[in-house]
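Kindly produce the complete structure, drawing on both the sequences and the hints.
Number of protein chains: 2
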Amino acid sequence: MSSTDPLVIFTPSGKRGRFPRGTPILTAARQLGVDLDSVCGGRGICSKCQVTPMFGEFPKHGVIVTPDALSPWNAVEQRYKDKRGMKEGRRLGCQARVQGDVVIDVPPESQVHRQVVRKEATARVITMDPATHLHFVEVAEPDMHEPSGDLERLAAALRDQWGIETVTAPPSILRRLQPVLRKGGWQVTVALNRDHHDHAARITEIWPGYADHRIYGLAIDLGSTTIAAHLTDLRNGEVKVAAGVMNPQIRFGEDLMSRVSYAMMNPGGAAEMTAAVRDALDELARSIARQAGIAPELILEAVIVCNPVMHHLLLGIDPVELGQAPFALATSDSVTLGARDLDLAAMNENARIYLLPCIAGHVGADAAAVALAEEPHNSDDLVLIVDVGTNAELQLGRRGRVLACSSPTGPAFEGAQISSGQRAAPGAIERIEIDPVTKEPRFRVIGCDLWSDEDGFAEAVATTGITGICGSGIIEAVAEMRIAGIIDASGLIGSAEQTGTPRCVAEGRTHAYVIHDATATGGPRIAVSQGDIRAIQLAKSALYAGARLLMDEMGVDRVDRVVLAGAFGAHISTRHALVLGMIPDCPLDKVTSAGNAAGTGARIALCNIGARAGIERVVREITKVETAIEPRFQEHFVAANAIPHATDPFPELAKIVTLPDVSFNTGGRGDGDPGRRRRRRSRG
Amino acid sequence: MSSTDPLVIFTPSGKRGRFPRGTPILTAARQLGVDLDSVCGGRGICSKCQVTPMFGEFPKHGVIVTPDALSPWNAVEQRYKDKRGMKEGRRLGCQARVQGDVVIDVPPESQVHRQVVRKEATARVITMDPATHLHFVEVAEPDMHEPSGDLERLAAALRDQWGIETVTAPPSILRRLQPVLRKGGWQVTVALNRDHHDHAARITEIWPGYADHRIYGLAIDLGSTTIAAHLTDLRNGEVKVAAGVMNPQIRFGEDLMSRVSYAMMNPGGAAEMTAAVRDALDELARSIARQAGIAPELILEAVIVCNPVMHHLLLGIDPVELGQAPFALATSDSVTLGARDLDLAAMNENARIYLLPCIAGHVGADAAAVALAEEPHNSDDLVLIVDVGTNAELQLGRRGRVLACSSPTGPAFEGAQISSGQRAAPGAIERIEIDPVTKEPRFRVIGCDLWSDEDGFAEAVATTGITGICGSGIIEAVAEMRIAGIIDASGLIGSAEQTGTPRCVAEGRTHAYVIHDATATGGPRIAVSQGDIRAIQLAKSALYAGARLLMDEMGVDRVDRVVLAGAFGAHISTRHALVLGMIPDCPLDKVTSAGNAAGTGARIALCNIGARAGIERVVREITKVETAIEPRFQEHFVAANAIPHATDPFPELAKIVTLPDVSFNTGGRGDGDPGRRRRRRSRG
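Line by line, the protein sequences are chains A and B.
Position 56, counted from 1, in the first sequence is what my numbering calls 159; the numbers after and before it change by one each time, with no gaps.
Position 251, counted from 1, in the second sequence is what my numbering calls 354; the numbers after and before it change by one each time, with no gaps.
Just so you know, these hints were derived from the structure itself, not from any lab.
In this text, all values refer to a predicted model and were calculated from it rather than measured experimentally.
Keep in mind that a hint or two might mislead.
For chains that are exact copies, the list does not tell them apart, and a pair is met inside one copy or across any two.
Calculated cross-link-like contacts (lysine to any residue; reagent style SDA-like; alpha-carbon spacing at most 20 Å) [what the hints assert, rightly or not]:
hint	residue 1	residue 2
1	K727	D246
2	K184	T155
3	K693	P754
4	K190	G147
5	K118	P156
6	K118	Q134
Here it is in structure tokens:
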């Protein structure tokens with residue numbers, strides 16, 4: 104290019120250069136590294152390279168653009184516009200050629216690496232660069248004098264036309280290659296899946312001619328209880344369908360440890376659970392494709408995040424080693440394999456499945472996904488990320504250093520092992536307030552927007568009933584009981600006399616607080632028992648002890664902010680969590696919920712191949728802390744039994760609530776002694 | 104090492120170096136690049152590193168070796184000797200340490216890259232370096248503070264202890280990894296399969312502790328008619344079992360083209376044939392493992408060579424494109440895939456299958472294997488290699504340039520479409536001589552060493568009977584008939600009057616020559632008909648025309664030598680082949696048989712991974728000549744109809760035989776006109 108050549112300026116990137124007259128805009132964009140899409144490689148077929156030329160005076164750029172700065176609108180553009188429509192003012196970048204100085208705007212939908220704003224509050228963006236891309240190619244016809252195979256000529260075309268060096272084809276593509284090439288008249292569209300390790304490209308699908316298919320990936324969050332999947336458009340990152348199913352492994356054990364036990368006790372038990380979860384995934388994929396109205400063959404990828412036990416069971420690995428020290432993973436690195444390896448039939452048979460790396464035997468690919476979504480390694484302030492499930496997975500860090508551990512909270516936070524507990528489902532009490540004076544409760548149940556003391560509540564809940572307390576409900580109940588002086592700092596429920604409310608009723612040698620009693624009409628009595636308080640104390644002590652252990656390891660007394668991840672984190676009241684002492688003392692406005700951060704991490708890894716290599720690097724640099732062998736964990740655990748925990752002053756908590764100084768500890772009554780419950784529960 | 108360190112000299116390599124006292128011999132060998140085996144990595148377990156120290160005066164090497172030049176025989180060596188036995192004078196290279204100047208002989212069985220002398224006459228050697236090797240490793244135990252996965256620690260051990268950079272494990276290995284590591288007390292033996300393209304090593308098998316298993320590969324020659332396999336010990340190249348079965352696809356068509364037609368005419372026909380050949384391969388592998396008395400899991404590799412149609416049918420690719428110009432292959436490069444991809448269950452589930460590259464649409468992986476075995480690209484003189492099957496595959500070349508083509512000989516050379524023809528089986532006439540004076544034949548049949556005019560012949564063939572003529576028999580018969588003046592140069596059989604023998608009998612408007620007549624006793628009459636002569640003429644003309652076409656392309660009139668490959672080449676009489684004019688005129692002693700060169704090529708590729716990369720390079724440099732579109736092929740074909748062909752003088756042939764100058768062409772009788780038969784047959 105010489106200085107007399109026309110100047111081409113691209114917006115919004117600002118990239119500019121001089122190009123000889125006659126250069127297609129797409130060519131100029133490519134040479135400047137401007138992010139302008141094209142599937143057909145500049146053949147006027149795909150229309151992905153649409154641009155908006157700008158005319159007039161551009162003092163900022165120092166150019167005046169005249170209407171003849173580009174070659175005239177041509178027949179290819181007219182044909183495309185007639186057939187598919189095109190916005191006014193747009194041109195095809197492959198057809199419009201440079202004639203004079205010009206300013207070219209690349210609209211967002213024409214960018215390959217367009218950015219997708221995540222719906223979550225954090226509003227980070229995902230840059231689209233999935234492992235799978237479509238490429239249209241023209242393949243040389245076979246020649247008896249140069250008898251190379253059709254695959255080799257296709258590979259040569261991909262090399263010449265797209266700069267892709269190494270291409271492989273699985274047997275099923277080899278089988279279909281010849282008829283598809285001939286049907287397409289030696290023009291085909293291939294879906295290529297790149298491997299971020301060896302950069303080899305694998306052909307996962309092939310269509311005759313130019314195929315303007317939408318292609319999809321599934322971001323799957325495979326939890327112990329539920330499996331959630333997002334069908335994501337691999338061109339623009341849009342979620343087409345979100346759906347979930349229960350994890351059918353629940354019939355083998357509610358929590359992970361009981362599933363590990365099932366595997367240990369029953370020959371073939373692990374294989375049974377593997378088959379169950381694979382079936383569920385397959386059925387979920389099938390149902391999602393149906394809901395989206397797409398052929399399952401268009402699902403070309405999946406990213407799966409899960410805890411280590413689910414990870415092993417999905418891969419068909421007996422999880423027995425994860426049930427005992429030293430909690431050795433069979434493999435900790437990321438795993439990439441084929442859909443058929445996991446018996447997933449309801450997607451393309453060549454679909455590639457990527458499992459994120461595991462951080463440790465108790466800190467799985469789901470925690471890695473949370474790290475990918477929340478980026479503690481890029482945080483300027485010290486952030487504690489808490490993902491509460493049957494195990495809590497904790498990450499503490501900032502730029503330069505991240506620590507992780509898991510803590511055996513048990514299932515109490517999920518409403519299990521609570522006398523009136525239940526899963527979060529319509530009819531479950533999810534919010535509760537107790538008047539500190541009257542000690543009377545008011546509450547809300549899932550499925551109804553009214554509080555229980557509001558007009559019309561009884562009618563509104565008539566169909567669902569009031570059936571129990573879910574995880575977030577029990578946390579609020581315990582915290583509210585503490586604020587209202589119904590329990591003391593040690594967690595003991597006072598008697599009716601001590602608390603001044605008849606809702607405190609004797610149950611054996613302890614008391615329970617009755618929230619709702621419908622026994623008169625044949626309904627349930629929903630109460631918080633002393634045992635429930637103890638279960639929550641154990642769970643929150645474990646969670647807090649894990650956080651404290653990481654803080655010790657980091658050498659800090661305070662964290663700057665807390666992120667609650669997971670479905671639980673999305674529903675929990677941060678105020679009540681602070682009262683309970685689940686998390687370290689922290690300004691209330693610095694405790695946020697990240698929603699399903701693991702699922703978000705899966706979507707990021709699905710939409711951006713670079714994120715895979717990135718998180719693999721990050722995971723290797725995370726320092727793992729094993730709670731099971733740290734004596735200080737036990738110390739923190741015991742010390743955190745009180746509500747809130749007893750070891751620290753709570754300046755931030757004091758700003759939001761004043762806790763009554765009551766004590767119901769009458770001495771001698773066994774249950775008042777938290778030490779009796781110090782036993783470590785099995786993990787899971 | 105300093106000049107006062109002891110000198111260590113290895114034989115037979117002659118490699119030498121000075122090493123500090125105390126250096127194990129194995130270490131010295133490795134540092135000098137001496138080819139000394141070890142599976143256990145010097146732990147005194149595997150005994151593969153046995154050496155023979157030599158004592159006394161070695162004027163050639165300028166050293167005197169005293170008995171104390173090595174550390175004394177130690178307990179590890181004694182234990183090994185007690186348990187497994189060890190030849191007198193041997194030491195373990197990992198145990199014996201340098202104390203003074205020493206000469207160490209490495210016996211052949213201790214060399215990793217030992218050379219295997221092929222049984223074939225050419226006596227070339229195969230250097231053992233298979234894709235699969237065993238490695239014994241000690242793996243670090245899991246550590247809660249460094250929670251890497253078992254696979255990652257195994258990979259680290261292979262890197263540290265064996266220098267292997269990248270290791271992958273298929274799902275089934277992942278599933279078994281944890282129990283095997285624990286059973287072996289963190290010592291395991293792994294079978295690693297290297298890929299010669301990306302050098303990645305894949306774990307294909309894993310055993311607890313040190314496993315002294317023999318591991319095997321199958322070299323498979325997948326022919327249109329028969330499938331032959333050699334079970335080969337991957338440590339030393341020994342063939343443990345050789346076996347074969349008929350290709351069950353024969354029921355879909357005797358020759359390749361009729362199988363292609365079957366695929367075209369019958370929906371699902373190609374899939375049917377794919378299933379049939381895979382079943383047969385699987386059954387063959389199963390039966391071979393049974394014969395060898397080994398577990399099928401110990402078969403860790405297979406190399407398959409075959410023609411393009413078999414190649415495509417095996418891979419499940421419809422061969423329809425190979426049945427019509429331009430004869431496009433789906434893929435021409437080598438193919439590597441898993442045993443499961445080909446439904447092969449009777450070998451290790453992770454066994455890797457390697458198919459050699461195809462040269463062209465009619466010149467397949469079998470021809471590539473012939474090139475690997477016969478190395479025309481390394482030949483100093485100009486060699487013509489002829490592999491006769493239903494298609495003849497021809498290669499002509501020398502160092503610097505190799506040409507290849509295939510020629511549609513049809514099945515006549517295999518005894519098919521011959522009136523008394525049959526496959527080579529007991530009872531078939533395979534050798535024949537005709538007395539030029541009496542015109543009486545004598546012959547031998549397969550399964551009997553006697554000639555038909557020798558005493559005891561009748562008794563010897565009583566069980567098999569005399570049932571027909573096989574391919575080599577019909578060639579000898581036609582050549583002998585020409586030598587004896589029973590047919591003339593145009594191929595016409597004379598009458599009894601013209602030839603002077605009552606064995607020439609009228610059959611319609613032509614004559615037949617009766618070799619054997621048992622009709623009186625209810626047995627067959629075995630004769631050569633005029634139609635048989637014409638079929639052989641067509642076949643040999645095609646073969647010769649292919650050779651001539653290559654010679655034209657090469658710009659030569661003569662070849663220096665001819666190699667006959669294939670089972671047919673092994674049985675054919677070179678003298679008769681020259682008389683018939685199948686091959687260009689050539690000194691008789693320069694026409695040799697290479698036996699099953701394609702099978703040998705498969706064995707070479709199985710035993711030496713470098714040969715795979717090598718032949719892939721060579722194949723790309725072979726110039727392909729397509730007979731179907733070369734007008735000169737047709738000219739040569741017509742000109743070669745006479746016996747011997749009519750275009751050249753035959754100085755070499757004249758040295759071995761004088762052919763009678765007879766002519767039975769009576770004019771007007773249609774069959775005398777070879778032009779009538781000039782039509783090209785379909786290929787196959």
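Problem - Up to 20 Å CA-CA - D246 versus K727, copy category - result: Between copies only: 11 Å across, 59 Å inside.
Exercise for the section: Please work out whether the CA atoms of K118 and P156 approach to 20 Å or closer within one copy, between two copies, in both situations, or in neither? Expected result: within (15 Å within a copy, 73 Å between copies)
Practice task
Using 20 Å as the alpha carbon limit, work out where K693 and P754 are close: within a copy, between copies, both or neither.
Solution key: Answer is within; shortest intra-copy Cα gap is 14 Å, inter-copy 101 Å.
Handout entry: Identical-chain pair category, K190 with G147, by Cα at 20 Å
Key = Within one copy only: 16 Å inside a chain, 77 Å across chains, cut-off 20 Å.
Practice task
Give the relationship of K118 and Q134 under a CA distance limit of 20 Å: within one copy only, between copies only, both, or neither.
Solution key: within (10 Å within a copy, 55 Å between copies)
Handout entry: Homo-oligomer pair classification [T155, K184; C-alpha up to 20 Å]
Key = within (14 Å within a copy, 84 Å between copies)
Taken one by one, the earlier hints all hold for this structure without exception.
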